[in-house]
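Participant: So you can see what is in the structure, the chains are spelled out below.
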Amino acid sequence: MTEAIINTSAIYLPSEKIVAREIEGELIIVPLVSGVGDMEDELFTLNDTGKEIWKRLDGKKSLKTIIDELVAEFEAPKEEIEKDVLGLTEELLKRQMLTIAS
Amino acid sequence: MSESFSSSIPLPEFALWDKMKHNKNRGLVSFDLEVTARCNNDCSHCYINLPAGDQEARKKELTLEQISNLADQAVELGALWCLITGGEPLLRPDFFELYMMLKKKGLLLSVFTNACLVTKKHAEFFKKYPPRDIEVTVYGVTKETYEKISRKPGSFEAFMRGLTLLMETGVRIRFKTMALKSNLHELPEISNFCRERTKDYFRFDPQLHLRFDRNPERNELIKAERLSPDEVAAVEKADEERFGALKKGCDKLINPEFEKHVCDHLFRCGAGNGSFSLSYEGFFRLCSSLWHPDTIYDLKRGTLKEAWEKFVPKVRAMRSQNKEFLNKCRKCAIINLCLWCPAHAYLETGGMDSVVDFFCQVAHARSAAIANTK
Numbered sequence: 001m002t003e004a005i006i007n008t009s010a011i012y013l014p015s016e017k018i019v020a021r022e023i024e025g026e027l028i029i030v031p032l033v034s035g036v037g038d039m040e041d042e043l044f045t046l047n048d049t050g051k052e053i054w055k056r057l058d059g060k061k062s063l064k065t066i067i068d069e070l071v072a073e074f075e076a077p078k079e080e081i082e083k084d085v086l087g088l089t090e091e092l093l094k095r096q097m098l099t100i101a102s
Numbered sequence: 001m002s003e004s005f006s007s008s009i010p011l012p013e014f015a016l017w018d019k020m021k022h023n024k025n026r027g028l029v030s031f032d033l034e035v036t037a038r039c040n041n042d043c044s045h046c047y048i049n050l051p052a053g054d055q056e057a058r059k060k061e062l063t064l065e066q067i068s069n070l071a072d073q074a075v076e077l078g079a080l081w082c083l084i085t086g087g088e089p090l091l092r093p094d095f096f097e098l099y100m101m102l103k104k105k106g107l108l109l110s111v112f113t114n115a116c117l118v119t120k121k122h123a124e125f126f127k128k129y130p131p132r133d134i135e136v137t138v139y140g141v142t143k144e145t146y147e148k149i150s151r152k153p154g155s156f157e158a159f160m161r162g163l164t165l166l167m168e169t170g171v172r173i174r175f176k177t178m179a180l181k182s183n184l185h186e187l188p189e190i191s192n193f194c195r196e197r198t199k200d201y202f203r204f205d206p207q208l209h210l211r212f213d214r215n216p217e218r219n220e221l222i223k224a225e226r227l228s229p230d231e232v233a234a235v236e237k238a239d240e241e242r243f244g245a246l247k248k249g250c251d252k253l254i255n256p257e258f259e260k261h262v263c264d265h266l267f268r269c270g271a272g273n274g275s276f277s278l279s280y281e282g283f284f285r286l287c288s289s290l291w292h293p294d295t296i297y298d299l300k301r302g303t304l305k306e307a308w309e310k311f312v313p314k315v316r317a318m319r320s321q322n323k324e325f326l327n328k329c330r331k332c333a334i335i336n337l338c339l340w341c342p343a344h345a346y347l348e349t350g351g352m353d354s355v356v357d358f359f360c361q362v363a364h365a366r367s368a369a370i371a372n373t374k
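Chain order of the listed sequences is A and B.
Mapping to the UniProt record's numbering: the first sequence position 43 is 43, numbers consecutive.
Mapping to the UniProt record's numbering: the second sequence position 254 is 254, numbers consecutive.
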């Protein structure tokens, strides 16, 4: 897998290869096709921070907009939020759970 | 870094199960979906099979749209896992659409099949859109034994061909067999055949329950395939893995404290806790074997929410006034070694709180086998 190059002006959305579901407060990403995420005995889940980012990856907002929204909403340094957003985006791209919209 | 807010969690450690278990609203985790009762084989011991060409049964089967609607309701209640079973699920001409429809709802799928109908197209499909696992039933590992049970000429060759195709997909394959009079002589070979082909489990069940439709002629065929109590105990003892687990768990399975219990509840099992079964005609049950008319709910006339939240607690609150049952089964120290449960008792006798002598004999034979090796 090649290293994903993240551009903050890019817009991402959930891949058609997965279904995301929230059950009892847990966000679970269920793969539809082989080679996505963990197909065996594991489930890929996002915690509350991950969920805040995930729900904004809607195919409309750029990463920059998402970062700005999170900075306005949460009491954390911008550098930290930016690192988290880019980190999760990279992880999700690697797992083919996210796709670029533009 | 992202490790802090995303994780891959092994299913057995998934905190969600705990949350659901402790959820006062009784979370729904999984459901069994019987997509048809029809089968390409005609196994004498089967509790459900109807002929593949049974048009009446086919007409009663839930449509794709009805299943989709019910699956939506299950997902709404939190279901994550769905077992596609039958009959033989691959008999449905819309199997591929049905499978993808369920997958797209975010359900983790398991499939039960006899593998005989698996084609290259199925194999490629499963490779591309893998289920969590496929469980294949192995009746025998020779043509003679297999077809004596399946009662379908050519089925052994079809089974071997289908299984080979499934094995090539890389999907996790699990195996199971029923230990029967007709394959008892071959059980060690069946066990080797399965264990050589899976990293996962092979399980066998030496106890047969009767048919869901209570068909008396077919029930006689099942009884003819039943192992005797001593044979059940012997096949379990001969299987190191199974007997080891049985002995290890015997402190929980055999509990003299039960003898002091004063309890008239019918249900002490987990039926309706976290899972349910949906019949091919749309009947909701707390578990697949529970067919007493007072315990089934027609989902074509009501909602799953109503069945789950109102009907299940009503069934689970059922009590018995049958003194023989209350004094014998309810206080039995080895009840956990017994096939007795309200569902099996109903299939056997027509009453959910009846004592079933044959089950009792088997439980005592199993208990004696454990005691003899302590």
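Note that these hints are calculated values from the structure, not bench results.
Watch out, some of these pointers could steer you wrong.
As the list claims (entries may be wrong) - Examples of chain B residues lying across from chain A (beta carbon under 8 Å, computed):
id : residue
1  : Gly-78
2  : Met-101
3  : Lys-120
4  : Ala-123
5  : Lys-127
6  : Lys-128
7  : Tyr-129
8  : Pro-130
9  : Leu-246
10 : Arg-316
11 : Ala-317
All C-beta atoms, glycine included, are put in the ideal place defined by N, C-alpha and C.
Participant: Can you give the numbers of the hints that this structure goes against, from lowest to highest?
Facilitator: Numbers 2, 3, 4, 9, 10, 11, in rising order.
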